[in-house]
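With chain V held as given, fit chain E with the ligands onto it using these hints.
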Amino acid sequence: MALVAAVLPAPTDEDLAEMGRCYVEEFARMGWSEDAVMRVFCNPFYRGPHAVYRRKGEQFVRGAGRSGDRRGWERG
Amino acid sequence: MPKVPNWQLGREMDYPYERGKPQRQFAAVFNINRCIGCQTCTMACKSAWTFSEGQEFMWWNNVESKPYGGYPQFWDVKLLALLDEANPDGQVWDTSAKDAQNAPYGRYDGLTIFEAAKKAGARQQALGYLPSDKEWRAPNIYEDTSVSWSQGSSLPEHSTWFFYLQRICNHCSYPACLAACPRKAIYKRAEDGIVLIDQKRCRGYKKCVEQCPYKKPMFRSATRVSEKCIACYPRVEGKDALVDNEPMVTRCISACVGKIRLQGWIDDEKSPVYYLVRKEKVALPLYPQFGTEPNVYYIPPRWVPRPYLEQMFGPGVEDAIDRYSNPSEELLGVLQLFGSTQRLIFSYEITDEAAIGFDEKGREIVRVPIEEPVIVRPPQHLNIT
Ligand code: SF4
Ligand code: SF4
Numbered sequence: 357m358a359l360v361a362a363v364l365p366a367p368t369d370e371d372l373a374e375m376g377r378c379y380v381e382e383f384a385r386m387g388w389s390e391d392a393v394m395r396v397f398c399n400p401f402y403r404g405p406h407a408v409y410r411r412k413g414e415q416f417v418r419g420a421g422r423s424g425d426r427r428g429w430e431r432g
Numbered sequence: 093m094p095k096v097p098n099w100q101l102g103r104e105m106d107y108p109y110e111r112g113k114p115q116r117q118f119a120a121v122f123n124i125n126r127c128i129g130c131q132t133c134t135m136a137c138k139s140a141w142t143f144s145e146g147q148e149f150m151w152w153n154n155v156e157s158k159p160y161g162g163y164p165q166f167w168d169v170k171l172l173a174l175l176d177e178a179n180p181d182g183q184v185w186d187t188s189a190k191d192a193q194n195a196p197y198g199r200y201d202g203l204t205i206f207e208a209a210k211k212a213g214a215r216q217q218a219l220g221y222l223p224s225d226k227e228w229r230a231p232n233i234y235e236d237t238s239v240s241w242s243q244g245s246s247l248p249e250h251s252t253w254f255f256y257l258q259r260i261c262n263h264c265s266y267p268a269c270l271a272a273c274p275r276k277a278i279y280k281r282a283e284d285g286i287v288l289i290d291q292k293r294c295r296g297y298k299k300c301v302e303q304c305p306y307k308k309p310m311f312r313s314a315t316r317v318s319e320k321c322i323a324c325y326p327r328v329e330g331k332d333a334l335v336d337n338e339p340m341v342t343r344c345i346s347a348c349v350g351k352i353r354l355q356g357w358i359d360d361e362k363s364p365v366y367y368l369v370r371k372e373k374v375a376l377p378l379y380p381q382f383g384t385e386p387n388v389y390y391i392p393p394r395w396v397p398r399p400y401l402e403q404m405f406g407p408g409v410e411d412a413i414d415r416y417s418n419p420s421e422e423l424l425g426v427l428q429l430f431g432s433t434q435r436l437i438f439s440y441e442i443t444d445e446a447a448i449g450f451d452e453k454g455r456e457i458v459r460v461p462i463e464e465p466v467i468v469r470p471p472q473h474l475n476i477t
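As they're listed, the protein sequences go chains V and E.
Using the working numbering, read the first sequence as starting at 357 and increasing by one per residue.
Using the working numbering, read the second sequence as starting at 93 and increasing by one per residue.
Hints in this document: simulated from the structure, not taken from any laboratory.
No residue lacks a Cβ here, since even glycine has one placed at the ideal position from N, Cα and C.
Check before you lean on any hint, since a few could be wrong.
Claimed, not checked - Here are some of the chain V residues that sit facing chain E, going by a computed Cβ distance under 10 Å:
no., residue
1, E370
2, E374
3, R377
4, C378
5, E382
6, S389
7, A392
8, F416
To be verified - Just some of the chain E residues that point at chain V, by a computed CB distance under 7 Å:
no., residue
9, K226
10, W253
11, W395
12, T443
13, E464
14, V466
Stated by the list, open to error - Simulated restraints on C-beta separations:
no., chain 1, residue 1, chain 2, residue 2, range
15, E, T315, V, E370, 48 to 54 Å
16, V, D369, E, T315, 48 to 54 Å
17, E, K331, V, E414, 37 to 43 Å
18, E, M93, V, G413, 55 to 61 Å
19, E, K331, V, Y402, 37 to 43 Å
One chain only, chain V, in its complex shape (with noise of 0.2 Å):
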């Protein structure tokens, strides 16, 4: 059992590369615009989305909604 008397995992870049992943293919899904979604990714007051911004740069953003998911903004 990992959470008796264990550390947690630490997370790695993928981890952090994933949930950047995951917040903009929810936006995507949603109909959201690559503009309005790199709006909330570049505004600090979005702490979650602005540090994946700051940690893996604006080409990662941009291409996480252009690859990979269905819904992603090629589509659109």
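Chain E with the ligands alone, transformed into the frame defined by chain V:
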């Protein structure tokens, strides 16, 4: 003890009573990936049901930030520790023993809380503990503790993964609260599987508080009896004044800002909940190893380390996340139905253009376009500072 089938464990298990299968079973799916931790659900529940004297510790719905938060504090860590103590290193799954209908996650070879209590020869029906007053005192402790973005600081950053876990009573198929009650004051309704405490019979012995592994019954000192989530049964029965005898979803589900919740039936193949849990297997039970067959199911958060999630939701995690991240057209459509109506969706249809929900009689009650139109506010009406 009678043997009862538990599909979540892929085997039979001990339970103090014979299986009493309801006509249909209340169930819900919560999508953790979408929750923003706003606590609107918590307050919707409170303003509907628990606003009176002694209300400050009555959180039938709560949303806790995992891994640090919990209400009562440490509830799951403590239960896991008790089980581990009862069966050291034995709490394991055999994932090779899968069967789509009877063992979708494989077979659980460890002890449930009922079996652990029996093994210990304890007076308890289910392994449990009574949280201390201190553990009940801070319903939202450690919320958002691990999220921060520090600008202009050279201190080491202390941030880690976290997620929100939305919790109500699971209206379990094998409720430990019911098994524990010496007064037989707790019952499971034949018509919808909702688990209720008869407050007239309850004498406040707190056995349900002690033995519910999810710690969802709460003792109210002002009334000296226990209470818990009632699945908004008057709404499910269609008695809410808002509608004319039409079943509605619970307050927490209809109020959810993030539209992360969907209510339905776990044993009706037409229900979107059945689809998400039993067919697509994208939503999983919370701590299935406890053995109560809980009926609130979760789409696990994609970014959290798998060992933690597997401990919490069982071995179905990797597949569930894979399906959620690469969704089929049907799954994308059903996800559109989340939070789309206050009415209870009994069946659905996904077309190229829309996700459509129907009531019990097959009448259309909601239609959500697959490609939702986006309407941008004109600049003079922007409400962002
Ligand atoms: S979650 Fe707890 S209170 Fe609710 S039915 Fe299950 S055992 Fe009972
Ligand atoms: S209302 Fe919905 S989004 Fe807000 S905390 Fe509750 S479950 Fe999460």
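Status of each hint after checking the structure:
Restraint check, V:E370 versus chain E: the minimum CB separation of about 9 Å is within 10 Å; hint holds. For V:E374, the suggested interface contact is upheld, since its CB lies about 4 Å from the closest CB of chain E, less than 10 Å. Taking 10 Å as the C-beta cut-off, the interface hint given for V:R377 holds, the closest approach to chain E being about 8 Å. Among the interface hints, the one on V:C378 holds; its C-beta lies about 5 Å from the nearest C-beta in chain E, closer than the 10 Å criterion.
Satisfaction of the interface hint for V:E382 is found here, the shortest Cβ-Cβ separation to chain E being roughly 6 Å, below the 10 Å cut-off. The closest approach between the C-beta of V:S389 and any C-beta of chain E is roughly 7 Å, which is under the 10 Å cut-off, so the hint is satisfied. For V:A392, the suggested interface contact is upheld, since its CB lies about 8 Å from the closest CB of chain E, less than 10 Å. Checking V:F416 against chain E: minimum C-beta separation of about 14 Å lies over 10 Å; hint violated.
With a least beta-carbon distance of about 20 Å to chain V, the hint placing E:K226 at the interface is violated under the 7 Å criterion. Because the closest C-beta pair between E:W253 and chain V is about 5 Å apart, less than 7 Å, the hint holds. Against a cut-off of 7 Å between C-beta atoms, the interface hint on E:W395 holds, since the closest Cβ of chain V lies about 4 Å away. Evaluation of the E:T443 hint against chain V yields a violated restraint, the C-beta minimum of about 16 Å exceeding 7 Å.
With 7 Å as the threshold, the beta carbon of E:E464 comes within range of chain V, its nearest partner Cβ sitting at about 4 Å, so the hint holds. Evaluation of the E:V466 hint against chain V yields a held restraint, the C-beta minimum of about 5 Å falling below 7 Å. Separation of E:T315 from V:E370 is about 50 Å and conforms to the stated range, judged on CB atoms against 48 to 54 Å. Taking 48 to 54 Å as the suggested C-beta distance range, the pair V:D369 and E:T315 conforms, at roughly 52 Å.
The hinted range of 37 to 43 Å is not satisfied by E:K331 and V:E414, whose Cβ atoms lie roughly 53 Å apart. The given range of 55 to 61 Å is respected by E:M93 and V:G413, whose C-beta atoms sit roughly 58 Å from each other. Range check, E:K331 to V:Y402: about 40 Å between beta-carbon atoms, so the 37 to 43 Å window is met.
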